[in-house]
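The residues making up each chain are set out below.
Protein chains: 2
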Amino acid sequence: MTEIKTVGEFGLIEMIGEIVPRPSALICGIGDDCAVLPFSQTHNQLVTCDLLNEGVHFLKDKISPYQLGYKAVAASLSDIAAMGGEAISVLVAVGLPDTATVEMWQLFYQGVAAICHEYNVNLIGGDTTKSQSGWVVNITALGLVAKEDLHLRSQAKSGDLLFVTGPLGGSRAGLELILHADIAREEWHQPLLNCHLQPTPCLAEAKRLNDIFGQSLHSLNDISDGLASECAEIAAASGVKIIIKSAKIPISQETHKLASLRQASSLEWALFGGEDYQLVGTIAAEKADELTEIYAQTGKKLWIIGHVTEGSGVWLDDEKNCRMITQKGYAHF
Amino acid sequence: MTEIKTVGEFGLIEMIGEIVPRPSALICGIGDDCAVLPFSQTHNQLVTCDLLNEGVHFLKDKISPYQLGYKAVAASLSDIAAMGGEAISVLVAVGLPDTATVEMWQLFYQGVAAICHEYNVNLIGGDTTKSQSGWVVNITALGLVAKEDLHLRSQAKSGDLLFVTGPLGGSRAGLELILHADIAREEWHQPLLNCHLQPTPCLAEAKRLNDIFGQSLHSLNDISDGLASECAEIAAASGVKIIIKSAKIPISQETHKLASLRQASSLEWALFGGEDYQLVGTIAAEKADELTEIYAQTGKKLWIIGHVTEGSGVWLDDEKNCRMITQKGYAHF
Chain A
1 MTEIKTVGEF GLIEMIGEIV PRPSALICGI GDDCAVLPFS QTHNQLVTCD
51 LLNEGVHFLK DKISPYQLGY KAVAASLSDI AAMGGEAISV LVAVGLPDTA
101 TVEMWQLFYQ GVAAICHEYN VNLIGGDTTK SQSGWVVNIT ALGLVAKEDL
151 HLRSQAKSGD LLFVTGPLGG SRAGLELILH ADIAREEWHQ PLLNCHLQPT
201 PCLAEAKRLN DIFGQSLHSL NDISDGLASE CAEIAAASGV KIIIKSAKIP
251 ISQETHKLAS LRQASSLEWA LFGGEDYQLV GTIAAEKADE LTEIYAQTGK
301 KLWIIGHVTE GSGVWLDDEK NCRMITQKGY AHF
Chain B
1 MTEIKTVGEF GLIEMIGEIV PRPSALICGI GDDCAVLPFS QTHNQLVTCD
51 LLNEGVHFLK DKISPYQLGY KAVAASLSDI AAMGGEAISV LVAVGLPDTA
101 TVEMWQLFYQ GVAAICHEYN VNLIGGDTTK SQSGWVVNIT ALGLVAKEDL
151 HLRSQAKSGD LLFVTGPLGG SRAGLELILH ADIAREEWHQ PLLNCHLQPT
201 PCLAEAKRLN DIFGQSLHSL NDISDGLASE CAEIAAASGV KIIIKSAKIP
251 ISQETHKLAS LRQASSLEWA LFGGEDYQLV GTIAAEKADE LTEIYAQTGK
301 KLWIIGHVTE GSGVWLDDEK NCRMITQKGY AHF
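Chains as they are written, first to last, in my numbering: chain A, 1 to 333; chain B, 1 to 333.
For the record, the hints were derived by calculation from the structure and aren't laboratory data.
Heads up, a few of these hints could be off.
Same chains, same label: a pair holds when it works inside one copy or across any pair of copies.
Below, simulated DSBU-like cross-link-like pairs (lysine-lysine); rule was C-alpha separation at most 30 Å, straight line [said to hold, decoys possible]: (1) Lys130 with Lys5; (2) Lys60 with Lys130; (3) Lys60 with Lys320; (4) Lys5 with Lys241.
Given these sequences and hints, build the entire structure.
In structure tokens form, the structure reads like this:
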């Protein structure tokens, strides 16, 4: 018998292809953020599901039921954004342990309702069951994407520039605050806690990227497992090398401040922390300056943090050295 | 704080409507076997998700990983059949405890692959995560249904006849064998074990019912929680009374035999046992004889086991008495 950790989550996902043949009707299957299905002449359908287990994905005494409902849906909507799509509806399944009360369950669904309302997404179904083993949440999200707006992680091209849509490491900083109850709360902590507990799926950013960059937008991912891990997925799927300039990675003042206080590295939090749910992707270099300027005029900044070349792997350029980094983002097992 | 069991699974589901407004674009939302979404001029899309937790829905040492994968997908395909639909694709999310091995995980997906192949369904995605608390499985199934073939549990009409598509109680009998390791295995046990461990979703039966009965087919449900519970759902959703003739309920010889040996009631197993995954529904009485005869000519029998009248609740007619039965099918909490 082989222990799961010797193969790892990504190894298992690759093995599925050996067990189940790739469906012919599928435009993109297992391995990207969503499955892509034929829908109409102009649009494809996006479907994703995410399973969250207490003690692995969240600590029940560190997140309120409201925040859990909100965050679980946010993570799945982020997968729709990562394909360039528009979120339409979600199904929410929840397994409840004996310790759960009706009031907790109501708060959980109020969190679900709040994010559904915020992003104009319909809650269309789900399942409520008993669990012998803590809270279990599964979110299935459905979306649509115009065929020309679909972006896969396999579409990066040598010569592209690498971008992210917002600051990174904030969620990891929020987690630091949550895990260490001895840190006295201060006002500047709040944005970090929000990053971790009520993240923002970048649906508006995905639309804006498509509207402004059109066919100059190539690969796209959402940062659920950390920048390094997401870039490694793009590099592997596209058969390219990605070089990240460490000085260009946007990191908030609050994140820098907390990392410094904790004698930790804010750069490591940004690279490997995960759950920031910003988008990372690549754009054609030619019109990048012009289009990035137009993007900035909408009031949101796009950060160019590196580029794509021939080769493989993810490399970190700190201006003294350029070294390959391993996929140290959060991996299961 | 209110304990979940004081409200129950069905109470919680009703409360969702108070927290989250019913989406306007939805043809049928929370409360039937699937959500029904607009898809094309001729078809609607069906979506369902089911969350299964170790120790609640299955006992890991009583079911093999292969059977678990097979049965979990079967239960969700059955929800598609329950709406009159055709299954198209599934997403399979699995949470694995530390005790799971790569070999177990492979067997699980081989079970998923087997049923997907059998019913021509595509595995299009999923999630593999760690669980601190036993195996957790979530199946999301997608299907299509021609608009005129959609059948809701709210469509029973006074005067209808009640039917089931096959014998009931077999899954409960199989569970009896599994739970009591002291019962020495005999050859006639095998169909009962199969009923419980590798059930058959009635997708072909749903198609046959639509083809033959057309608009004479009214309400439809699959029997996941027991005949009594499913009939109670139809009666409540349709605002009618359902009378089941106990002598007409099909129960296999093997089920009778085992119930007798175990000094149990095969009728109770059929009414309250659950997980038989046969279809139960109602048809217009007028052409019932003629159409049931045509149905039988396809080599499959349809059992007429009762009828629908004005009133409420589910009643059991044993020719001496006709008494109301409570929804004793398996309910969570």
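Hints, verified against the model:
1. Lys130 with Lys5: both (28 Å within a copy, 10 Å between copies)
2. Lys60 with Lys130: Answer is both; intra-copy 16 Å and inter-copy 16 Å each pass.
3. Lys60 with Lys320: This pair counts as neither: shortest intra-copy Cα distance 43 Å, inter-copy 54 Å.
4. Lys5 with Lys241: Cα proximity of Lys5 and Lys241: one copy only (27 Å, versus 55 Å across).
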